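Those protein sequences? They're chains A and B, same order as listed.
Just so you know, we're using UniProt numbering here: the first sequence kicks off at 1 and counts up by one.
Just so you know, we're using UniProt numbering here: the second sequence kicks off at 1 and counts up by one.
Hints were generated in silico from the structure; no laboratory data involved.
Being a predicted model, the structure only gives us computed values, none of them experimental.
We treat Cβ as the ideally placed atom computed from N, Cα and C, and that holds for glycine.
Warning: the hint list may mix true and false statements.
[Said to hold, decoys possible] Derived list of chain B stretches under chain A, where covered just means 3 residues or more per stretch with a C-beta under 8 Å from a C-beta of chain A:
#1 148-157
#2 382-391
#3 625-633
[What the hints assert, rightly or not] Derived, one-sided and incomplete: chain A residues facing chain B with beta-carbon distance under 10 Å:
#4 S371
#5 T596
#6 L756
[What the hints assert, rightly or not] In silico DSS-like cross-links for lysine-lysine, where the CA-CA straight-line distance does not exceed 27 Å:
#7 B:K435 with A:K398
#8 B:K398 with A:K398
#9 B:K196 with B:K492
#10 A:K401 with B:K401
#11 B:K129 with B:K831
#12 A:K189 with A:K444
#13 B:K435 with B:K129
#14 A:K398 with A:K492
#15 B:K492 with B:K189
#16 A:K401 with B:K398
#17 A:K129 with A:K831
#18 B:K189 with B:K398
Number of protein chains: 2
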Amino acid sequence: MSDENLGSVQYGRPSQVPFGSLTGGAPQQHQVRHRQLNNPAGTAASAAAAAGVPAASSSRPRATSDYGSIRASALHQARLRIESDVDCVSYAPDVTVEGTERQRLVDNSGEWYFESQHAVSGEELLSAKFESLDYDTCENSLWAAEDQSRTVWDLRRIELCRWLVHLLIGVVTGAIAFFIDVCIEQLAKVKYRYMKSMLDRCIFHDCLIYALLLWIAFNFIFVLIASCLTVFGEPVAAGSGIPQIKCFLNGIQVPRVVRLRTLVCKVLGVLFSVVGGLAVGKEGPMIHSGSVVGAGLSQGRAASFKFDLGIFEYFRTDAEKRDFVSGGAAAGVAAAFGAPVGGVLFALEEGASFWNQGLTWRIFFSSMTSSFTLAFLLGFYRGIPNDLSNPGLISFGKFDKLDYDLLHLAIFACMGVVGGLSGALFNTLNEHLTKFRHRYVTSKLGQLTEAVLVASITAVTSFVLIYTVRSCQPLGSDQMEYPVQMYCPDGKFSSMAALLFQTPEAAVRSLLHDPVGTYSVTGLIAFCLPYLLIATWTYGVMVPSGLFIPSLLIGAAWGRGVGIGLNLLFPTHFTDPGKFALIGAAAQLGGIVRMTISLSVILIEATGNVLFGLPIMVVLMVAKWVGDYFGTGIYDMHIELASVPLLPWEPPSRSAAVSAQAVMSSPVTCLYRQERVSRIVEILRAEPHNGFPVVSGDLGPGTFGTFEGLVTRNQLICLLDMRLFDDGDPNFHLANPVSLSDFRRVYPRFPSVRQLQLSEADLMKSVDLGRYMNPAPYMVLHTCSLARIFRLFRGLGLRHLVVIDHRNQVVGLVTRKDLARFRATHTGDLKELQFTG
Amino acid sequence: MSDENLGSVQYGRPSQVPFGSLTGGAPQQHQVRHRQLNNPAGTAASAAAAAGVPAASSSRPRATSDYGSIRASALHQARLRIESDVDCVSYAPDVTVEGTERQRLVDNSGEWYFESQHAVSGEELLSAKFESLDYDTCENSLWAAEDQSRTVWDLRRIELCRWLVHLLIGVVTGAIAFFIDVCIEQLAKVKYRYMKSMLDRCIFHDCLIYALLLWIAFNFIFVLIASCLTVFGEPVAAGSGIPQIKCFLNGIQVPRVVRLRTLVCKVLGVLFSVVGGLAVGKEGPMIHSGSVVGAGLSQGRAASFKFDLGIFEYFRTDAEKRDFVSGGAAAGVAAAFGAPVGGVLFALEEGASFWNQGLTWRIFFSSMTSSFTLAFLLGFYRGIPNDLSNPGLISFGKFDKLDYDLLHLAIFACMGVVGGLSGALFNTLNEHLTKFRHRYVTSKLGQLTEAVLVASITAVTSFVLIYTVRSCQPLGSDQMEYPVQMYCPDGKFSSMAALLFQTPEAAVRSLLHDPVGTYSVTGLIAFCLPYLLIATWTYGVMVPSGLFIPSLLIGAAWGRGVGIGLNLLFPTHFTDPGKFALIGAAAQLGGIVRMTISLSVILIEATGNVLFGLPIMVVLMVAKWVGDYFGTGIYDMHIELASVPLLPWEPPSRSAAVSAQAVMSSPVTCLYRQERVSRIVEILRAEPHNGFPVVSGDLGPGTFGTFEGLVTRNQLICLLDMRLFDDGDPNFHLANPVSLSDFRRVYPRFPSVRQLQLSEADLMKSVDLGRYMNPAPYMVLHTCSLARIFRLFRGLGLRHLVVIDHRNQVVGLVTRKDLARFRATHTGDLKELQFTG
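Here chain A stands alone, though its shape is the one from the complex (with noise of 0.2 Å):
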């Protein structure tokens, strides 16, 4: 059209949005209220005002919660255009605005833990804090230029390096998991060693107590080392990390969670706690260690250390680092289970949402030489050089026959149903303890306590049930170390100490593997349930845990109670209890952490059978399905209650009537082409947001100019860092020259506005954005619909998305934030969830 009417613009019109005349309706208002954001907002934009720049919208309401407002009357609306059928639809929507200020009460986790607000109410919020990473290419003029003036040497040496990194990945990943296996070894050995002796005396003596002692001395030690690395190295560190990285491979920046710093409290703090006693396995931990070696390796550099190689500097962006913390998460998988197929699946599960064969071939590769890594290091270490039959930390052991027909298939079946049930159980306890502690033990000193707490109290438990339950086995059909007597005959121990006596990794190989008649169902039954218990208890304390050993752990017990059962009940047709232990195992562990095709990679590796793979399957769907019911699987359960705004695989259902305008979020703060610098500082000191289109003048009413591209607030802070003030200059940029290596020379600490050093002679100057934008990133219609909004979000990795009218001019802009409050209730409508401050 014409750029005529370019006096007559009308910035700051936060009030209207109108597009009947776009969609053929009346124009509909959205109120939305201003709210003051602790930058000087308005202090700026009235500065700019007075400078005679146009001050755009001071405050865009992107992902605050005044969307409270907006958000209800656009699905009202949406409803209503659908169920009239009519375009016309005049609506002027409710505005009650709800109370924004909560009370932010940040616990000194920092970023992750959810506010407690959140916990007190029990409602469902989505925190605004967490910033999403961006695996989009800023296609400017500069990457523009630096893929043309590549030669095909460039591109072999960059995939050669993307190579080199996997490998590299995969052999530390690998020996990391093999210092973990080895330290673990080495300090249990000590423990059990010491622990056996006391208590073989102490059964003749009557010193149990003292035995008793040590070993709540050596948990609590232990413990404490561990809790002290998390609470004080890296709070960030706790847990299994495995939420961490399927956030970080969903889209969100989760604060130090690939850092060396976390790596190092992760590794020595999973020790711990294993050899502490702690109901807890070290094969999440793993997948997170891999995932820090990955992000670390490919930027040949330690922010945590200060400390910079400057090597494979084009790797430097959001998307290259994502591919390669994949390739970790898969090579911490391979180690951990022996599952390299598995480590692949586990990835492409959690994480890549585009497949791309390339990077699965390479994500293979890590994972394979992990395994190889960590058999062959293990195989020096055991002195048996060539022998690679140990490629993971947890191994199910060989089974020699694994059969079945189809009545164990409906047996197996209904073991998923307890399963479903049973991890239901442990994720909804779980949910209440975790909002119980994230209420009442914030301190530093609280955490630790309950880490002790927690480590006496499994001794204590441990100690009354080997105690308690007084059933033996013969010595020499487990391959224990550390037998344990306590009552039992000579030639016989305690299978109770079986179970509680050694690392949990052992005691699920007792069960699957111990012959018929080694435990009785009562103690079995004795077992579970107080470790059930515990197991809920430890996951969320402060110290780095797995969660998958304590799972298998309890469904063997129990399985192996069925298989008991069914040896009794019908003694020809159920022979191998260990069967049922195994089926047991991945019930248990399959309604817990409702993984599907990837925990079933990694079962049916780390069983080595591939024939028994339909039953594995079988089991996991029904335990997914019927745990389902009740609840999210517990790593989803942990990202909720952190609200962080995951978008899921799927757009929710029901959001074919939701248009973009319903789901954006508007007034956009617009630049100009050729920007003042005076007028970028005051946006960028004035506004929390990471994403600007790049307008022209040619204005419309109600919105914020022709779209011609995308800046973001990194790339407007390095052009100001680098003073690439052209002021209309058209031959500025050749005597400037500036490659994207100078944009990635920062990455990912770009410096604050604040930060630059600017006279006041540059804020006078300007720059010429239309070299460093994106020009054509992607953008949708405002008719746009929810679904197809969410595919595109969700299949390339977006961080922003233009909304248009039918005039190409910016109407809104979408954010993972915008999307992801969408969810689908339980009834299949969209409901949309609030945002904290």
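Once you've looked at the hints, dock chain B against the given chain A.
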């Protein structure tokens, strides 16, 4: 925004597309040559003009060879713009239109095979005659209404149906695999029993020539049947079907590839071609068969047999169908190799670009069910009902010990190099043969003759090899059913006959497991070379034929040769030649097909040994790298020979600087929101295209209207067929309610425009396209780069992408063919392929 200047709209300005004012540069002229379509375009256009209807552009040279001139200029311009770094480029391209009207000589297998021109000139071409599939949802008002009207029970029912269909796919595919296996076993038993008794007799009576004749006769008859089924039954059933399925999953409509008729011909054909002694396997065809099962079951009907159950109507869209075809392909792999996880990865590697957790889980379910069904049925058939140890058609047998050390790994990598070279040789020979075949063997009779010739020569070669290579092995070392003594002493039998006198699957197992000393190195070499040549010749003959088994057999033979050699040199270190046979098999197969992760997993699952994964992966990786140096894998090679516009995984290198302007087709035929029936009919008759942007009248120079939405040919045909002529009446649709079901009912065989029965009165009416068009399809700015468009297309499975300018006016349309013609050269540069007519 307004429609007032509707009268002054200028349609049909195909020769000038100026963007100067938008990009800040001077206008660039794209001179586009008009091309006479087979349809009476000119007539229609002039008739329309006479009737006062804006004729639009009567020719839009999308995907025609007219691109030659645009293309060259586009790339050149892009480079110019980057090099000069100034936007003001004025560049007039050479208008050299190449000879476009090439003589088309499509052979009688129809659409799949490439044109003779191509084979003759050897240049790379793309065929314009392949239609694309549309995996994007058309989110029109009908869709929104349907989505809104659906209860949570509807959603659950659909989900349940999905699972049900995937279960059925698994069961039916497994049953088909069982049928093939049993038939081949029985037929092979008859053949080899007769042959053996004849041979045993003739050794004494010196009538070996009759034995040879009998062998030839057997092969001749069986292969004749297979070939007749293919040539007369369904030509697209020839070959392995993997390239065709790969294309289908990529989004290309390969005609008749998922029909029931194809399935029948494929299944029966593969039986006879395997029993006919050809160097073929039954595994590739299983993948194709599974895909047909997936497509057929999900649609609830078989078009070949005019049979419609009327169920699963919701699944009648391209996107849903693709999901089920993926499941079918995975089930096929699972049944063929007993590799359910490999099946899932195959479906993902070859097909799905968007990874979806739910879908993957269902695909896995199909795979598992398929393996289980096959194992279950085979167990029953063999009289051991609960033995589920045969989950696949091929099994590599049980390896007792597959240990390796770093030295082994190095040797394996070298074998990977050999596999890559030998695979490249195979592919090059096959490429030349295929070109020759499609030039000279085009008649049905010729194809039949070739098939039986190959069969006879295979018999003669086998016979000569058994006759001349006289290495013997003791009886009982192999589980061969019909050992042939030939000139061996009593108690021994010919080891060459162990390779040639049974089905290739059994021969592979012999090479993997026979004890040391069974085969001689000379014997293996004598076997390897002729068999390689025969296998090369066989792949492409008009019979259903799998490539996996012959490749594995060749590789296992030379691999075992390597193993024997090493065993002779270092008898203590390399004790097991079977291990090297396995690696050789992997190397050869990898060198030929170049699949990566799925092949690794398939082989890991087929060997049943997770620990041996790393060597297999290393070998496949090396073989792929070496092979890729000489050319593509055999499936991609056949796809290229067929000139199919397949989209690779990643955009070609150096595509950053190519803008949408250079990629898109222009001019574009646009429709108005309220459009006259006569004009729609004329456009549909005159144009072969499938997508038409819907615009409003607010035009700028060189553009085609303000973009409002996109309507497809099929939708238009349905609208016309249903006579939804509202003539501007806003209440029309209330009186004439339609739903998406009405559109799905006709899917996928929409009537042609000529089949519509429209009266003169009908033609004068008008249609409101607004209700049926997609109101917010994906679109890009004309400044968007090729790389970005590519990712959008590939990631979301699009068929059309509208290109708009900065005023949201349509300036072009991008289709798959526009993208597929851009390829990277060996030097990393961008090249553009030509389209054939």
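Hints, verified against the model:
Residue count for the stretch 148-157 of chain B with a Cβ under 8 Å from a Cβ of chain A: 5. That meets the three needed, and the coverage hint holds. Closer than 8 Å: that is the beta-carbon criterion, and the stretch 382-391 of chain B has 6 residues meeting it against chain A, so the requirement of 3 holds. Counting residues of the stretch 625-633 of chain B whose CB lies closer than 8 Å to any CB of chain A gives 0, so the stated coverage by that chain is violated, three being the minimum. A distance limit of 10 Å between C-beta atoms decides the matter here; for S371 of chain A the minimum to chain B is near 7 Å, and the interface restraint holds.
The interface hint given for T596 of chain A is met, as the beta carbon of that residue sits about 5 Å from the closest beta carbon of chain B, less than 10 Å. Because the closest C-beta pair between L756 of chain A and chain B is about 27 Å apart, greater than 10 Å, the hint is violated. A hinted pair counts as satisfied when its Cα atoms are at most 27 Å apart, and K435 of chain B with K398 of chain A does not qualify at roughly 52 Å. Distance restraint check for K398 of chain B and K398 of chain A: the Cα-Cα separation of roughly 15 Å lies within the 27 Å cut-off, and the hinted pair is therefore satisfied.
Our distance criterion of 27 Å between C-alpha atoms is met by K196 of chain B and K492 of chain B, whose separation comes to about 15 Å. At roughly 17 Å between alpha-carbon atoms, K401 of chain A and K401 of chain B fall within 27 Å of each other, so this suggested pair holds. Between K129 of chain B and K831 of chain B, the direct Cα distance comes to roughly 21 Å. Compliance with the 27 Å bound is thereby established for this hinted pair. Note on K189 of chain A and K444 of chain A: the hinted pairing is violated, with a Cα-Cα distance of about 31 Å set against a maximum of 27 Å.
For the hint pairing K435 of chain B with K129 of chain B, the CA-to-CA distance comes to about 20 Å; that is within 27 Å, so the pair holds. Between the alpha carbons of K398 of chain A and K492 of chain A the distance comes to roughly 24 Å, so the proposed pair stays at or under 27 Å and holds. Taking the CA atoms of K492 of chain B and K189 of chain B, the gap is about 21 Å. The hint holds against a cut of 27 Å. Restraint check for K401 of chain A and K398 of chain B: the C-alpha separation of about 13 Å stays at or below 27 Å, so the hint holds.
A C-alpha spacing of about 21 Å is found between K129 of chain A and K831 of chain A, which places the hinted pair at or below 27 Å, so the restraint holds. Taken as a hint, the K189 of chain B and K398 of chain B pair is honoured in the structure, with Cα atoms around 24 Å apart against an allowance of 27 Å.
Comparing the model with each earlier hint shows violations of hints 3, 6, 7 and 12; every other hint is respected.
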